[in-house]
Amino acid sequence: ERAVSLMPSGPKTWPTALIAGFSMHRFGVGVDPKEDTEKKLGAVAPIRKGARVLDVCTGLAYTASMAAARGAHVTTIELDTTMTKMCRMNPHSKLLFSGSIQQLYGNGADVVKTFKDGEFDRIITDPPTFALAGELYSAEFYADLKRILKPKGKVYHYIGDPKSASGGSVAAGVVRRLKAVGFGGVEIDYDAHGIIAAHDHIKLMK
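Residue numbers (my numbering): 1 to 206.
Worth double-checking, as some hints may not be accurate.
Calculated cross-link-like contacts (lysine-lysine; reagent style DSSO-like; alpha-carbon spacing at most 30 Å) [as the list claims (entries may be wrong)]: (1) K113 - K150; (2) K85 - K34; (3) K49 - K163; (4) K39 - K94; (5) K39 - K163; (6) K39 - K49; (7) K116 - K39; (8) K203 - K85; (9) K150 - K179; (10) K49 - K94; (11) K94 - K113.
In case anyone wonders, no lab produced these hints; they're calculated from the structure.
It should be emphasised that the depicted structure is a prediction, and the values quoted were computed from it without experimental measurement.
Turn these sequences into a full structure, and let the hints steer you where they fit.
Structure follows, in C-alpha cells:
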C-alpha cells in the first residue's frame with residue numbers, strides 16, 4: 001500500500017488526495033477537484049444515460065460517481081485498497097458504495113485484458129505519474145483500450161498540464177503511442193489537461 005492521505009483543497013470544495021506527495025487533482029490554480037472532474041468528463045461528452053463507462057484508477061471516485069450520477073453504467077478499477085479506505089472517510093465519495101458502481105481491484109493494465117471487445121462507450125484513465133505507473137502509459141495498454149472501446153467511443157487520458165515541461169514531454173509520448181496502436185483521432189485537450197482518443201477523427205468539446 002502506498003502513502004495516501006486526504007487533503008482539503010479549500011473551505012467549501014471537495015478534498016483531494018496526496019499519493020506519494022503528488023496531488024490527485026488540480027486545485028489552488030482556479031480549478032478545484034470538482035471542477036477538475038467536470039472538465040475530464042466534459043472532454044468526452046456527452047455521457048448519456050445507459051452508457052458504459054470505464055474509469056481506470058478510481059482514486060477518490062469523483063469521476064466514477066459523476067458519471068454514475070448522469071445515468072451511466074460505471075466500472076471502476078483501483079490497484080490500492082488504501083484509496084477505498086480514503087473514499088469511506090470522504091462524504092463526497094459515498095456514491096461509490098451505493099451499489100450502482102462496479103468496483104474491480106488490480107492493475108488496470110491487467111484488468112482491461114479481461115473485458116470484451118467493444119464493451120465501453122467512454123474510457124477515462126487517470127493514472128499516477130509515469131514514474132509510478134509506467135504500464136498505464138504503454139502501447140500495450142493503449143492497444144487494449146482501443147480493443148474494448150466501442151466504434152463511436154472516446155477515451156480521456158489524464159497527463160497533467162500539457163503546457164508544462166514535464167506534461168508536454170509526457171503528452172508527446174502518449175500521442176505517439178496512441179496513434180501507433182491505431183487510434184485514428186488523437187487530440188490534446190489543454191483545458192482538461194488530457195488527451196482525447198477515438199477510432200476516427202474527433203473534434204474537441206468546447
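Taking only the CA atoms, is the gap from K85 to K34 under or equal to 30 Å?
holds (20 Å)
30 Å Cα cutoff - pair K116, K39:
holds (28 Å)
With the threshold set at 30 Å, check whether the alpha-carbon distance from K94 to K113 stays at or below it.
holds (28 Å)
Between K49 and K163, does the CA-CA distance stay at or below 30 Å?
Answer violated: K49 to K163 is near 34 Å, above 30 Å.
Hinted pair K203 and K85, Cα distance within 30 Å
It is violated: about 38 Å lies between the C-alpha atoms, which goes past 30 Å.
Could you grab the alpha-carbon distance between K39 and K49 and see if it respects the 30 Å cut-off?
The hint holds at about 19 Å.
Would the pair K49 and K94 pass a check requiring their Cα atoms to be no farther apart than 30 Å?
Measuring from Cα to Cα gives roughly 20 Å; hence the hint holds.
Pair hint outcome, K113 versus K150 [Cα-Cα no greater than 30 Å]:
Holds, at roughly 15 Å.
Sort out whether K163 lies within 30 Å of K39, counting only the CA atoms.
holds (17 Å)
Starting from K150, check that the Cα of K179 is at most 30 Å away, please.
Within the cut-off at roughly 17 Å; holds.
Given the proposed pairing of K39 with K94, does the C-alpha separation stay at or below 30 Å?
holds (21 Å)
The structure fails hints 3, 8 (numbered hints given earlier, in ascending order).
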